[in-house]
Amino acid sequence: MTAFEEKIYQFRENFENLSERDKNKIAGIENDKTPEEQAAFDKEKLGTMKRLEEKGVFKKLDDIIKYRENRKMGKLKILYFDMDNVLVDFQSGIDKLSLATVKEYEGRLDEVPGIFSLMTPLSGAVEAVKSLSQYFDVYILSTAPWKNISAWSDKVAWIHKHFGDEKESVFHKRLIISHHKNLNKGDFLIDDRTKNGAGEFEGELIQFGTEKFPDWDKVTSYLIKKCAK
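Just so you know, we're using my numbering here: the sequence shown kicks off at 368 and counts up by one.
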């Protein structure tokens, strides 16, 4: 929501708490206006409302109002984020390995001890999480290589590093590691693959990196539109 839309939203909330006298004053219904002045005022007000409606401002506000009501009642939709190649740039970890290590673990680079601690966030991922966490009940739903024990703890450490480890942080105790993602109940899953149960997820799979969802801008825009439906 833009700053302008936020101001309109706050005005609508505050307007409901005003007395009828003050509401009439804001609406331009005052005894000291001549019929001509009142007609001119009404015409200008109608034009402003029409422009706002054409820009979709009122639709956005209705969605935001519904979202905030759902948030107050604890009815936010559940959104899961995968990590590798969704939040995390897997290639950034590979790029930090020695040639000898790459050769040793060829075909199974995800089993390199400590590789997950070397990775950086994918472009736009951190910002997208912060934005979407305002609209959804968010969790991380990831898979760790069965033969790479360090990957499990490295994923926790990665979340601490990039999203914080304090109680108020967005993913505090909200990491789920599973090879059967279809067993988790929820509304949306952002994943780059259909493996490990992602393809059988009960909600909607947002397949990151596809033509429809090539980057975080597209994903965020799509999900914010869906949040109030």
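For the record, the hints were derived by calculation from the structure and aren't laboratory data.
The structure displayed is predicted, hence computed values, not measured ones.
It is possible that some hints are incorrect.
Keeping only pairs whose Cα atoms sit at most 16 Å apart, straight-line, the calculated EDC-like set for lysine to aspartate or glutamate is [unchecked claim]:
| no. | residue 1 | residue 2 |
| --- | --- | --- |
| 1 | K585 | D559 |
| 2 | K593 | E571 |
| 3 | K579 | D559 |
| 4 | K514 | E478 |
| 5 | K528 | D559 |
Hint by hint, which ones does this structure get wrong, listed from lowest number up? 5
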